[in-house]
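A.B. asks: Letter by letter, the chains look like this.
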Amino acid sequence: MSAIQEVVTEAPAVEAVPKRAMTLGAGTSLVMLAVLLLVPLLVKNFIIFQLTMLLIYGLAVLALNILTGGSGQFSLGQSAFYAVGAYTSAILMEHAGINYALTLPVAGVICFVFGFLFGLPALRLSGVYLALATFALATAMPQLLKLGYFEYWTGGVQGLVVTKPDAPFGLPMSQDMWLYYFTLVVTIAIYICSVNLLRSRSGRAFMAIRDNEIAASAMGIDVSLYKTLAFGVSAGITGVAGGLGAIAVQFVAPDSYTITLAISLFLGMVVGGVGWLPGSIVGSAFIIFVPNIAEGISKGLSGAVFGVLLFLVIFLVPHGARQVAIVAQQLIGKLRKN
Amino acid sequence: MTAMLNVRDLRAYYGQVQALHGLEFGLNEGSMTTLLGANGAGKTTTLRAICNMVRSTGAIEFEGASLAGRTTENIVRLGIAHVPQGRGTFTTMTVEENLQLGAITRKDKAGVVSDIERMYDHFPVLKERHTQQAGTLSGGEQQMLAVARALMLRPRLMLLDEPSFGLAPLIVRDLFKILGKINREDKVTILVVEQNAQLALELADTAYVIETGRIVMSGNAAEIANNEDVRKSYLGY
Amino acid sequence: MELFFNQILAGISTGAIYACMALAVVMIYQAIDHLNFAQGEMAMFSTFISWQLMQWGVPYWGAFVLTLGLSFLGGIAIERLLFKPLAKAPILTNVAGFIALYAIVNSVAGLIWDFTIKQYPTPFGSHPFLGSQLISTHQAGMIGVTILLLIGLYFFFQFTRMGLAMRAAASLPESARLVGINTSWMIALGWGMAAAIGSIAGMMIAPVVFLEPNMMLGVLIYGFAAAVLGGLTSPFGAVVGGFLVGIFENLVGTYIPGVGNELKLPIALALIITVLVIKPAGLFGRPIVKRV
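Residue numbers (the numbering used here), protein chains in the order written: chain X, 634 to 971; chain E, 247 to 483; chain V, 286 to 577.
In case anyone wonders, no lab produced these hints; they're calculated from the structure.
Note that the Cβ used here is the ideal one computed from N, Cα and C, for glycine as well.
Warning: the hint list may mix true and false statements.
[What the hints assert, rightly or not] Here are the computed distance ranges between Cβ atoms for each label pair:
hint, chain 1, residue 1, chain 2, residue 2, range
1, X, A851, E, Q444, 30 to 40 Å
2, E, T377, X, L750, 52 to 62 Å
3, E, Q444, X, M852, 31 to 41 Å
4, X, A851, V, T559, 28 to 38 Å
5, E, D367, V, R446, 50 to 60 Å
6, V, A372, E, N473, 22 to 32 Å
7, E, D354, V, W470, 16 to 26 Å
[As the list claims (entries may be wrong)] Calculated from the model, a selection of chain X residues having no Cβ within reach of chain V, i.e. all distances over 10 Å:
hint, residue
8, S662
9, T701
10, P754
11, Y785
12, P801
13, C826
14, S833
15, V903
16, V957
17, R969
[Unchecked claim] Covered stretches of chain E (chain V as the covering partner; in silico rule of three or more C-beta atoms under 8 Å from a C-beta of chain V):
hint, segment
18, 311–319
19, 323–330
20, 341–348
Make the full structure from the sequences, and use the hints.
C.D. replies: Next comes the structure, spelled out in C-alpha cells:
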C-alpha cells in the first residue's frame, strides 16, 4: 500500500458501480424493448398516459443517476430543472406557436446551460452542503415561477394550459398513444446516448471523480470541467423530461414542481439502484404507483403506509433494483450450469 | 511456556478473495515476535483477523479463550491492543485526549492519570505537545502517540502493523528501542508486522515469515537474520 | 437605523428557534455523520406527546421531563429497529430511510392528533421582555434554554468520558473499536440524545408557531442551514448560526422588495450557500484537511 493510507478516510459517499454493471445485457434489453413497444396496444388510454409518465420520470431519474451515480454529486434540486424544461416547452408552444417536438431540444439546451451555470458555484460544495444548495434551488423555483414580473409568460400561480398534439400524418392512433411512442423514442435515444457517455472517456472521468476526486485530479482530469458538465448533462436531460411532462399532463403550474418532486426523483434513484441506468424505470414505477397503492390501503395513513413500503424495499434490497438484477443473473447462471 | 495466542487454520477473506490460507502460529507469553513478508503477503490481514476486523474462519485462542464470534471492541477489552496500519490516530482530538481514549475502558481513574504520566516519560515529545491536535504531529510523533495509546489499555498483548512505515531510520530505531523496553519491563507480549525485516529481526526474539497467506518459515530471529539463504529468498536482502 | 436594530433583535428572537433545532441537528451529525430529515418530525411528535400528557392533567414541567425521557428512549428505539439494519447499506439508502421515517411520523401524528392547530403553553409567559416590544418573555426564555443546552452539551462532550467516546466513535469508528468502544451503541446514544434535544426544541418552538403536524417543516430547513452555516462539527457554531439565520431571514423580509414569505427561505439559503462557498466548513467548523 502506498501513500493513500494517509487520507482522512471518508468513504466515498456514493458507492462505486463498475462501468460494465451500469447497464443491462443485450438479451434483457431486447425483452424490455419488446414489452415497451407492445403493451400500449393492449391497454386503455389512461394506462397509456401513466406509462408515458413512467418513461418521463424514468428519464428524470436517469438524469439524476448520471449526476449522482456517475459523477458522485448530490442533487435534491432536479425539480427545478424539470420545471424550467416544462415551462420552456409550454411557453414556446403556447406563446410562440412552436411545434411540440422542436421545443424539446430547446428545453434541453436551456436546462443544460442552467445546470452548467449552477454547477459552477456548486464546485466548492460537496456532500451535505451541495444537497442543501440544490435543496435551496428546488424550493426557490416554484416561488420564482409565481413572481409577478414573469406572469405574462408563465401564467403566474394559475400556470399555463398546454395543447396536446395529435398524431401526425393522420395516423390512426389516439393522442395518448402517439405521445407514448414519441416519448419512447426520445427516451430510448437519450438512454443509448447516456450509456455511451458513461462508457466514453468522459464517463470514465465522471466515475474517477466520484470514486476519489483528489486522485482524479492528480491524474490530470479537469475536475471542474467534468463536474459542471455532469450537472449540465443531467439538467439537460431533466429539462427534456420536463418538456415531455408538460405536453403529457397538458398544463404547467408552479406548485407541480415542488421539493416533493425532487425528493421523489431521489427516492426513485435509490429504489432503482444508484448508478444503474436501467433501474431508473423501476424507480420511476415506484414513485408513480406506490403512493397510489398506499392511499388505496389507507386513506388516513397513506403517508405512513408509503413510508413502511419504502422501508420494506430498502431493507430487502438496500442497493435497489440493481441488487435484484444481480441476484437474478446469478440464478440464471446457476441454472445454465445445470 | 504456554502459548498466549494460538492461531490454527486461519483463513481470511476480502469479499470473494481469499487472503490467508490456513495460517498457523503461536505466541509465547512475554515474547517479542515479528511477522515478516512482502507486500500483499497477508501480514496486515493476520492482525486484522485476530481482532475480527475481516471475515475469517479458523481457531484463534487468547489465553485459553476462543476469540470466535467476538466483536472487535470485545476482543480489545480482553487485553489485546492493536496499533493499525496508518496509526488510526484521532486527528481531530488532542494528544492527551488520544491517550485518554486508549484507557476509555478502564475503571481506575487514578491508574489512568499515572499511566498518562508514564507515557510522557516514555515519549517526552508527547508531553510537549499534549494539548495540540493530534493531526498536527509529525509522522514519527503520531506513531509514538499510537503506541502510547495502545499501552494505555494496559494490554497483555500488543499488535503493531508496520510501525516503521514512512518514518526516518533514526526515529524507527528509537521507537523499536522503546518497544523492547516495554516488552521487557512492562511484560507486554508484542507481535510486530514489518516490511523492514532487518530492523525487526534485531528487535525480536522469534520470527515468522508469511508468503501468500501461509507461514513458510519460523524460528529464532537471530538465526533467521544470520541465514543468508532465507534472507535472500524470503526477505529480499 | 432604529428599524435595522429592531429587525436584528427580532431576528435574534426567531433565531433562537433555529438555534435550538440546529443543536439537535449537530448532535445527530456528530453521531452518524449525516443529517436526518426526520428529526423535525420526531421533535414534533415529542411535542405532541407532551401536549397529550398535559391534556391528561400532568403539569408542564412534569410533562417536559417525561417527554424528554420518552424521546431519548424513542430515539434509541428507532435507531436500533430501523437504522441499525441499514448500517452496512449505502448512505443514500439511509437517506431514503430518513425520508420514509418522515412520512411515517408525519402521517401518524396527523392521524392521532389531526391537523387542526392547537395552542401550546409556555412556562415563561408571553409578556414583553423587559418592556421591549420585540422580545417576549417566552422568546427570552427560549434563548436562555438554548444557551443552557449548549453549555450542557459542551461540558458533556469535552469533559465526560461518554462524550469523549462518542466523539471518537463519530470521528474514526474503526480506531474507536480498537480502544474498546462499542461504536454501534454510541450511534444509538447519539440518536437518543438528538431526539431529546429535538423534543426540547419542539416544546420551545410550539408556543410560537402553534402545534400541528407540519409545524417543523420550515424550522427544520432553517435548522439545517443554521447548523451548516455554523459548521457541522460545532455546537457553538450551530447556535450562532441559528441566530444569524434568524437575522438574515428578518432582514431579507424587511429590506428586499417584493419578497414575500415564500421567497424568504430560498434567499436565506442562498445567502448561507454564499458563505459556504467562501468558507466551506462553515463559520466555526474545523476544515477537514484531506491528505492523500
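A.B. asks: Taking the hints in turn, state whether each one holds.
C.D. replies: Hint check:
In this structure, A851 (chain X) and Q444 (chain E) meet the distance hint of 30 to 40 Å, their C-beta atoms being roughly 33 Å apart. About 46 Å separates the C-beta atoms of T377 (chain E) and L750 (chain X), a value inconsistent with the hinted range of 52 to 62 Å. In this structure, Q444 (chain E) and M852 (chain X) meet the distance hint of 31 to 41 Å, their C-beta atoms being roughly 35 Å apart. Restraint check, A851 (chain X) to T559 (chain V): a C-beta distance of roughly 29 Å satisfies the suggested window 28 to 38 Å.
A hinted range of 50 to 60 Å for the beta carbons of D367 (chain E) and R446 (chain V) is inconsistent with their spacing of about 24 Å. Distance hint for A372 (chain V) and N473 (chain E): a CB-CB separation of about 48 Å, inconsistent with the stated range 22 to 32 Å. Taking 16 to 26 Å as the suggested C-beta distance range, the pair D354 (chain E) and W470 (chain V) conforms, at roughly 22 Å. Against chain V, the non-interface label of S662 (chain X) holds: every CB pair exceeds 10 Å, the least being about 25 Å.
For T701 (chain X), the condition that its CB be more than 10 Å from all CB atoms of chain V is violated, with the nearest at approximately 7 Å. The Cβ of P754 (chain X) does not lie farther than 10 Å from every Cβ of chain V; its closest approach is about 6 Å, which violates its non-interface assignment. With a least beta-carbon separation of about 16 Å from chain V, Y785 (chain X) lies farther than 10 Å from that chain, consistent with its non-interface assignment. No beta-carbon of chain V comes within 10 Å of the beta-carbon of P801 (chain X); the shortest separation is about 41 Å.
For C826 (chain X), the shortest C-beta to C-beta distance to chain V comes to about 25 Å, beyond the 10 Å cut-off, and the non-interface label holds. Annotated as non-interface, S833 (chain X) keeps its C-beta farther than 10 Å from every C-beta of chain V; the closest such distance is 25 Å. Some Cβ of chain V comes within 10 Å of the Cβ of V903 (chain X); the nearest lies about 4 Å off, and the non-interface call is violated. With a least beta-carbon separation of about 14 Å from chain V, V957 (chain X) lies farther than 10 Å from that chain, consistent with its non-interface assignment.
Listed as a non-interface residue, R969 (chain X) keeps its Cβ farther than 10 Å from every Cβ of chain V; the least gap is roughly 30 Å. With a threshold of 8 Å between beta carbons, the proposed coverage of the segment 311–319 of chain E by chain V holds, since 3 of its residues qualify and at least three are required. Counting residues of the segment 323–330 of chain E whose CB lies closer than 8 Å to any CB of chain V gives 4, which reaches the minimum of 3, so the coverage claim holds. Taking a C-beta to C-beta cut-off of 8 Å, the segment 341–348 of chain E contributes 4 residues in contact with chain V, enough for the three needed, and the coverage statement holds.
The structure is inconsistent with the numbered hints 2, 5, 6, 9, 10, 15, although it conforms to all the rest.
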